[in-house]
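Student: What follows is each chain in one-letter form.
Number of protein chains: 2
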Amino acid sequence: MAELTATERLLRSCRGEPVDRPPVWLMRQAGRYLPEYRRVREGTSFLEMCSDVERAVEVSLQPIDLVGSEAVILFSDIFVPVPAMGVEVDFAPGPTLATPIRTRAQVEALQATDPRQSVPYVFEIIRRLRAALTEREIPLLGFAGAPFTLAAYMVEGGGSRLFPILKAMMYREPDVLRELLARLADLVVDYLNAQIEAGAQAVQLFDTWAGILGPEEYRDWIVPSHREIAERIDRSAAPLILYVNGGAHVLDDMLDAGSDVISLDWRVDMGEAARRAGSRLSVQGNLDPCALAAGPEQIRRSVEEIARAARPARGHILNLGHGCLPETPVEGVRAFTDAARSLAVA
Amino acid sequence: MAELTATERLLRSCRGEPVDRPPVWLMRQAGRYLPEYRRVREGTSFLEMCSDVERAVEVSLQPIDLVGSEAVILFSDIFVPVPAMGVEVDFAPGPTLATPIRTRAQVEALQATDPRQSVPYVFEIIRRLRAALTEREIPLLGFAGAPFTLAAYMVEGGGSRLFPILKAMMYREPDVLRELLARLADLVVDYLNAQIEAGAQAVQLFDTWAGILGPEEYRDWIVPSHREIAERIDRSAAPLILYVNGGAHVLDDMLDAGSDVISLDWRVDMGEAARRAGSRLSVQGNLDPCALAAGPEQIRRSVEEIARAARPARGHILNLGHGCLPETPVEGVRAFTDAARSLAVA
Numbered sequence: 001m002a003e004l005t006a007t008e009r010l011l012r013s014c015r016g017e018p019v020d021r022p023p024v025w026l027m028r029q030a031g032r033y034l035p036e037y038r039r040v041r042e043g044t045s046f047l048e049m050c051s052d053v054e055r056a057v058e059v060s061l062q063p064i065d066l067v068g069s070e071a072v073i074l075f076s077d078i079f080v081p082v083p084a085m086g087v088e089v090d091f092a093p094g095p096t097l098a099t100p101i102r103t104r105a106q107v108e109a110l111q112a113t114d115p116r117q118s119v120p121y122v123f124e125i126i127r128r129l130r131a132a133l134t135e136r137e138i139p140l141l142g143f144a145g146a147p148f149t150l151a152a153y154m155v156e157g158g159g160s161r162l163f164p165i166l167k168a169m170m171y172r173e174p175d176v177l178r179e180l181l182a183r184l185a186d187l188v189v190d191y192l193n194a195q196i197e198a199g200a201q202a203v204q205l206f207d208t209w210a211g212i213l214g215p216e217e218y219r220d221w222i223v224p225s226h227r228e229i230a231e232r233i234d235r236s237a238a239p240l241i242l243y244v245n246g247g248a249h250v251l252d253d254m255l256d257a258g259s260d261v262i263s264l265d266w267r268v269d270m271g272e273a274a275r276r277a278g279s280r281l282s283v284q285g286n287l288d289p290c291a292l293a294a295g296p297e298q299i300r301r302s303v304e305e306i307a308r309a310a311r312p313a314r315g316h317i318l319n320l321g322h323g324c325l326p327e328t329p330v331e332g333v334r335a336f337t338d339a340a341r342s343l344a345v346a
Numbered sequence: 001m002a003e004l005t006a007t008e009r010l011l012r013s014c015r016g017e018p019v020d021r022p023p024v025w026l027m028r029q030a031g032r033y034l035p036e037y038r039r040v041r042e043g044t045s046f047l048e049m050c051s052d053v054e055r056a057v058e059v060s061l062q063p064i065d066l067v068g069s070e071a072v073i074l075f076s077d078i079f080v081p082v083p084a085m086g087v088e089v090d091f092a093p094g095p096t097l098a099t100p101i102r103t104r105a106q107v108e109a110l111q112a113t114d115p116r117q118s119v120p121y122v123f124e125i126i127r128r129l130r131a132a133l134t135e136r137e138i139p140l141l142g143f144a145g146a147p148f149t150l151a152a153y154m155v156e157g158g159g160s161r162l163f164p165i166l167k168a169m170m171y172r173e174p175d176v177l178r179e180l181l182a183r184l185a186d187l188v189v190d191y192l193n194a195q196i197e198a199g200a201q202a203v204q205l206f207d208t209w210a211g212i213l214g215p216e217e218y219r220d221w222i223v224p225s226h227r228e229i230a231e232r233i234d235r236s237a238a239p240l241i242l243y244v245n246g247g248a249h250v251l252d253d254m255l256d257a258g259s260d261v262i263s264l265d266w267r268v269d270m271g272e273a274a275r276r277a278g279s280r281l282s283v284q285g286n287l288d289p290c291a292l293a294a295g296p297e298q299i300r301r302s303v304e305e306i307a308r309a310a311r312p313a314r315g316h317i318l319n320l321g322h323g324c325l326p327e328t329p330v331e332g333v334r335a336f337t338d339a340a341r342s343l344a345v346a
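Residue numbers (our numbering), protein chains in the order written: chain A, 1 to 346; chain B, 1 to 346.
Simulated from the structure, these hints should not be mistaken for lab results.
From a predicted model like this one, the values you see are computed outputs, not experimental measurements.
Built from N, CA and C at the ideal position, the CB exists for glycine as well.
Be careful, since some hints might not be right.
[As the list claims (entries may be wrong)] Per label pair, the in silico range of CB-to-CB distance:
1. A105(B) to R32(A): 29 to 35 Å
2. E179(A) to D175(B): 51 to 57 Å
3. P329(B) to G258(A): 34 to 40 Å
4. G94(B) to P120(A): 55 to 61 Å
5. Q117(B) to A344(A): 30 to 36 Å
6. R275(A) to Q117(B): 52 to 58 Å
7. R301(B) to G295(A): 26 to 32 Å
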């Protein structure tokens, strides 16, 4: 097969069409591990960066030339569209809420919001990125946090290992949590559709905390929400990549959530996942970000193994199993994209 | 079958012999959720409590009468035997090391230590507990942290979500990490055998962090270490319960590690695990500790479901999938043990 453009390679992989080799990008590829990112970020809070169109565009584009990524993802945070609901969110550095959402009255007081009006800068960033990328034939991804993950922070008041307060709501007042999730689903659908209209060519839904649930609860609380989002966004214009962290125990349910691509963390056996995905959907992932601390030869072997294991799926996008960490060595990221680029044509 | 004593019920369940019903206890059942525990603990640091024989015995025994637990586990911490290796450990509240262990020289400087000499109070606590429990026919459990989990804190310097520094050592200097694990395995084996000699009737090995590894790494780094411990401790005197947190993706490897009982977290499908365990080993678990926030009827249904799902295994010990949390409602714990006690005779 003739060499494809990066845009063709990514979008065809998402849809399970033939490609020359798997495309490669990395979650949180524009991040603190890059000295050039830290330079742009200096003296600016994380939230300021997200609404500073110039700087957000600049750091979003950095990974193309600095580490050889083949896709750009909007620099932003999953909590950017949330404050317009009437919720105060800080970053320390994860999202924290001085006033967590724990009662029916608080949930009912949340305001419906059109992200096009409340966070117009997000779409301006997307339009500028798309303009910058079209000529280079590099694809642009948008993203959003999944309702459950947003709700987890909002109810708990911040990150947690076990989210006991969120789960107490789930067991004691399931209707309140369902109402919160429904409102967040509306927000997420509007937000992703607005990103697609503005120029995102694929979108990724991040469900970082869904994996804290047992198998039955996952089927009850998570799958219907993922399916609803998959149905309500314009997937004919932009395929949906679903990332679930810590979901190895609910692999079949992840595959069954209506997305075009399932993005797997490093604990999932890629071979097993790809066999089960088969012709139904594509897979993304799944190198442990910590494995980028290894030498280039070991990284190359890991990339080859993952690509081989992923072959039974209709398509494969090389990525990590979790975002780049502040500790991630830049040379490890380069070794990762180099290895991806030199994969033999399938 | 005639009603068994709590000791018979637990030990027979561990070994897969017939019992009247599953025994019940809870990980971290002597803990901050109990007002009576907080009263004894007042003004005392966690480490002081661990070496204060009177108070450690007192809080170890509390869950029998306060919440109806049918087994006692030594009140202590997995890091208690570690400082004698020459490592300074603080609690804040999880284990933290001002000087993490990251070089070959540091690993080689670790001192071999006989826990009988370095932490004699642990065995005094066990002897006193056993004396107090024998008449009541309630079994006594000892425990230790698994080498990988101890090493995780020691290398990282404290808890972490992804343990990037530990994993960097795994990828860059595997020999140094293997040496550290070998030394910790020696310590753990001596420590568990000394607990068994002092009167522990079963022992639980806690591998809280093994689940951060992918399937291949788990087989390479964790399984041989678990097997070695299972072989080197006196399992004819005290069966071995192995607890792995976050290990749903390596279920077969957990079952294959040579323990008598596998203790499962709430993300593992109990039915699936019990079928695979079959006549080979017993299962323990696995209610989500956060589910103790539910009402007593819901807790009863969950207990019945877990007990039913666990039947294909040769034995089942009712427990949580993780330790009790400070937020755990005492009445939820009572509802849990009540439900266990009223399970129909198998």
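Student: A separate judgement is required for each hint: does it hold in the structure or not?
Tutor: Going down the list of hints, with the structure as the test:
1. For A105(B) and R32(A), the Cβ-Cβ distance of about 30 Å falls inside the hinted range of 29 to 35 Å, so the restraint holds.
2. Taking 51 to 57 Å as the suggested C-beta distance range, the pair E179(A) and D175(B) conforms, at roughly 55 Å.
3. At roughly 37 Å, the beta-carbon separation of P329(B) and G258(A) lies within the given 34 to 40 Å, and the hint holds.
4. Checking the proposed 55 to 61 Å range against G94(B) and P120(A) shows it is violated: the Cβ atoms sit about 43 Å from each other.
5. At roughly 60 Å, the beta carbons of Q117(B) and A344(A) sit outside the given window of 30 to 36 Å.
6. Checked against the given bound of 52 to 58 Å, the beta carbons of R275(A) and Q117(B), roughly 54 Å apart, stay inside it.
7. In this structure the supplied range 26 to 32 Å is violated for R301(B) paired with G295(A), their Cβ-Cβ distance being about 53 Å.
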